[in-house]
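Enquirer: Residue numbers for the sequence shown follow full-length UniProt numbering, so the first one is 1 and each next one is one higher.
These aren't lab readings, by the way, just hints derived from the structure by calculation.
Some hints could be false.
[What the hints assert, rightly or not] Below, computed lysine to aspartate or glutamate pairings styled on EDC-like, alpha-carbon distance capped at 20 angstroms: (1) Lys223 x Asp198; (2) Lys796 x Glu775; (3) Lys377 x Asp362; (4) Lys414 x Asp362; (5) Lys785 x Glu797; (6) Lys238 x Asp271; (7) Lys293 x Asp281; (8) Lys796 x Glu735; (9) Lys223 x Asp191; (10) Lys293 x Asp354; (11) Lys170 x Asp450; (12) Lys785 x Asp680; (13) Lys183 x Glu200; (14) Lys223 x Asp271.
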Amino acid sequence: VFGDSVLLGSFKSLQKFEALTAISSGVFVDFLRVSSFAGLGFVACPFDSPFSSVVAQEFPCGDDNVLPGFCRSIIDLPPALISEILNCLDPKELGVVSCVSTVLNRLAAENPVWKEVYCERWGLPLVPPPVAGVVVLSDEKNWKELFVEREFRSRTFLGRYSIDVLYGHKEAVRTVFLLASAKLIFTSGYDSVVQMWDMENGLSLASSRSLGCTIRAVSADSKLLVAGGTDGFIQCWKAVEGLPHLFDLKDPTSEFRLWEHVGPITCLALDPTKIYSGSWDMNIRVWDRSSLKCLQVLSHEDWVWSLVPQGTTVAAASGSDVYVWDTRRGTLLNVVTQAHAGNVFAIARSHMGDLLFTGGEDGAIHMYEMGNTDSSKIASWVAHSGPVYSLAFEFPWLVSSSGDGKMALIDVRKLLRLAKRAKFSLRARKVVESSIVEPPQRMLHGFGPDLFSVDIGADRIVCGGEEGVVRIWNFSDALETERRVRALRGMRSEQRMRRRKIQVEMGSKNSRAGQCSVAASKNSVNGDLNVVWHSKRGIKEVAAFMIIFWILALVAVRAQAATSASGVSAMFIMGDSSVDCGENTLFYPLLHRNLSLLPCQGSQTSLLPYLLAEKMGLSNRPLPFYRQNGTIQQLTSGINYGSAGATIMNIDSQSHQCLTQQLRQVFETFQLLDLHLGQDSAQTFINSSIFYLSFGKDDYVDIFLAENTTRTTRSREFAEVLVHQVVMVVRRLYEGNVRKIICMGILPVGCAPKTVWELGGEKNGSGMADGCVEEVNELVLEYNKMLGDGIVELQKELFDAEMVFCDVYLGVMEILANPAKYGFEDTENACCGLGMHGVVIGCLSEEMACNLSSSPHVWWDLYNPTQRVNSVLADSAWSVDQEHSAATSICHPTAVKNLVETSLLPPHVP
């Protein structure tokens with residue numbers, strides 16, 4: 001039976017589900033039938049297993065035809081057959097199986113699946129190169145232990161980190177390379193010098209002479225270091241035997257050069273036998289490391305930006321396409337055309353080469369599953385507002401660096417599980433085929449623009465860019481913290497098990513009262529001591545438990561009282577210039593575009609969300625995102641992610657943060673709250689906070705109204721796209737445990753002074769909204785209606801959330817129609833600005849503003865209302881009972897006050 005290659009081969013070739021189904025339906029019975037015929041004298045009747053019914057029909061226990069009364073469990077099968085069955089499981093399921101019995105634990109630990117999966121994800125374990133005179137002892141670990149340890153280390157990139165800044169380059173850093181096995185970092189750039197750093201302490205170990213050109217690529221292993229630049233040469237250094245840091249960059253005897261490219265070299269890579277180089281001459285050259293001869297020339301139709309070899313193939317980014325070549329024959333295996341809108345600047349691959357990641361000029365990142373001759377896109381991330389210059393992958397983390405000065409950390413495990421389920425599930429297959437757009441798990445930002453290169457490994461992320469410094473994000477502290485937490489959990493679990501064992505023993509003694517009394521009469525002294533000892537221990541435990549319980553209860557009551565005073569914990573704001581005066585917008589004085597230099601009256605506290613926060617009784621006002629430093633005090637005060645000029649559509653800008661970028665910042669805040677408060681407390685805090693969204697105005701001002709010829713024919717399509725994006729973000733917030741949301745509509749942009757001046761308003765003779773451009777107002781009305789309907793439908797679907805849509809268009813139009821009723825005199829001109837309608841030159845400073853006390857204006861500047869208008873709108877949004885409310889129902893289905901005072905039901909309660 002064990003020599004039957006057909007039987008054993010079927011276990012290896014079938015997928016997990018198909019294999020287990022085949023075993024339960026026929027293969028297992030066939031094995032029993034053959035073994036019985038061969039006289040092996042064995043049958044298995046496993047209890048509570050998928051084989052039970054099948055085996056019972058074919059071989060009932062006690063059947064005289066096999067072996068009378070001989071019933072055993074599945075672990076009595078021959079180890080070879082059990083191992084073949086275990087080969088159908090993945091590591092997580094093997095871990096579950098190993099907890100069943102000692103036999104399965106041993107077989108699961110020795111199963112070759114651990115080695116296969118480990119090598120598929122990370123390759124062979126990295127071993128530091130031997131140092132002369134030092135004896136390296138082998139670390140005896142089986143593949144299961146290696147896998148568990150590596151999987152454990154991969155979690156650290158969501159934990160705390162420290163940043164080391166390495167100074168040494170005089171100009172921008174174009175390339176970084178992390179050689180984790182030797183704990184070395186190599187960097188170079190515009191200053192033409194290759195620097196070598198110690199990864200652990202950040203010290204500079206050596207630097208090369210000036211190579212006379214910009215170095216755009218560096219790669220290394222334990223035997224060779226290569227660098228390439230704009231002169232077309234490949235500069236190489238051989239490792240020096242016995243040298244602790246491998247390479248002597250000053251030794252001319254270990255240095256040599258390769259040259260055949262006729263253009264700048266943009267990318268380099270090494271494998272054990274070859275050197276790969278890509279250039280703007282549109283060629284990839286494959287070099288033999290021993291003979292230093294060029295073996296293959298792979299020609300493309302555009303500049304080669306990046307390459308990644310894997311086995312006998314090499315993937316390359318050329319122009320906007322991605323190519324996969326067979327390096328043995330020099331033939332093209334696969335092409336992904338138009339992978340990005342613009343050039344593909346970066347690619348990365350999994351260790352087996354079946355996953356391909358691309359980053360491009362459009363700021364997007366795509367993930368492909370590569371076959372022999374075809375490819376399929378699994379997912380996309382729009383993680384950056386600038387081009388993605390570099391990608392690095394170490395399972396399960398993909399890290400990217402971009403021209404927007406940010407890095408994105410992406411965990412691909414969820415998508416891999418989804419792709420795996422797609423083979424068996426039609427629904428999952430549809431999701432994968434739709435190429436879902438995922439948010440990154442973490443964003444690292446706050447540094448200078450243009451991060452050109454990034455690498456990952458050994459609990460570190462290394463990055464270099466325009467600033468001319470090298471930064472190392474060190475996550476080793478998170479690893480130690482996680483280890484301590486695990487150790488404490490193990491100790492607590494052991495203590496609980498010990499206490500339960502004692503309780504069981506005491507319970508069994510109490511159930512045998514007669515036996516206990518006899519034993520006590522024989523040895524009364526020991527019996528009394530045991531009773532006293534258990535009683536004292538029990539009293540201490542109960543007392544400690546009661547003290548902790550009352551302390552926690554008191555803290556909870558105080559926290560609840562602090563929150564219930566206003567009904568919410570904090571306010572978090574997302575939006576455009578209606579929520580930000582430029583304080584949260586990078587380089588706003590230089591890039592304020594169609595807005596004034598001062599787009600609000602005085603400060604951000606004059607804006608509508610801050611006036612509502614004051615009505616909610618929040619003692620702390622939301623802080624601008626770029627003004628906070630991540631402390632728990634600042635996070636729990638609320639954050640304003642809004643950016644003046646922000647749009648729903650993701651247009652290229654180095655200044656403001658669009659809707660999806662602000663959403664990523666929100667989820668980064670959620671991660672920080674989890675770290676500071678713990679998951680449960682963080683979810684409670686988020687659940688009781690208000691999230692305020694106000695977008696759309698700048699989309700119409702900066703994008704739609706600029707296309708004068710098509711704005712009437714495409715108005716509905718444009719509004720549908722915007723509303724879809726907003727509703728999607730609201731749904732994502734709900735998935736992040738947000739339960740109280742305020743969505744604001746767009747004010748009448750057609751009545752704003754800048755619109756009236758540029759497009760020409762018409763008097764309608766009725767006194768209502770004189771001077772407004774009705775065509776523009778109709779566009780805004782269309783958007784507001786769609787968004788209001790979308791929020792209502794979403795509220796019906798997400799029944800455990802409370803959502804409010806506030807139509808500020810109605811409030812402002814009520815004021816414009818009856819200005820005297822609300823104390824306004826000027827409804828057409830901007831208070832702060834120069835020229836006709838005060839919009840020829842926008843508001844440059846508060847000294848330019850009119851005297852609002854003597855001449856109350858509706859409009860502050862080009863498109864934004866005054867604080868007095870915001871106050872009227874805040875009254876109307878807060879409660880319909882206000883005496884000077886601008887409208888009786890500016891918010892629906894309820895007022896903001898009712899939203900604040902609403903107690904949310906648990907998610908499982910309809």
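Enquirer: The structure should be examined with respect to each hint, and the outcome stated for every one.
Expert: Results for each hint:
1. Lys223 x Asp198: 17 angstroms, holds
2. Lys796 x Glu775: 32 angstroms, violated
3. Lys377 x Asp362: This hinted pair holds, its Cα atoms lying about 17 angstroms apart.
4. Lys414 x Asp362: Roughly 24 angstroms separates the two Cα atoms, so the pair is violated.
5. Lys785 x Glu797: Between Lys785 and Glu797 the Cα gap is close to 19 angstroms, so the pair holds against 20 angstroms.
6. Lys238 x Asp271: Satisfied, since the Cα-Cα distance of roughly 15 angstroms is no more than 20 angstroms.
7. Lys293 x Asp281: 19 angstroms, holds
8. Lys796 x Glu735: 16 angstroms, holds
9. Lys223 x Asp191: Not satisfied, since the Cα-Cα distance of roughly 25 angstroms exceeds 20 angstroms.
10. Lys293 x Asp354: Not satisfied, since the Cα-Cα distance of roughly 29 angstroms exceeds 20 angstroms.
11. Lys170 x Asp450: Holds, at about 16 angstroms.
12. Lys785 x Asp680: 37 angstroms, violated
13. Lys183 x Glu200: Since the Cα atoms of Lys183 and Glu200 sit roughly 7 angstroms apart, the hinted pair holds (cutoff 20 angstroms).
14. Lys223 x Asp271: 11 angstroms, holds
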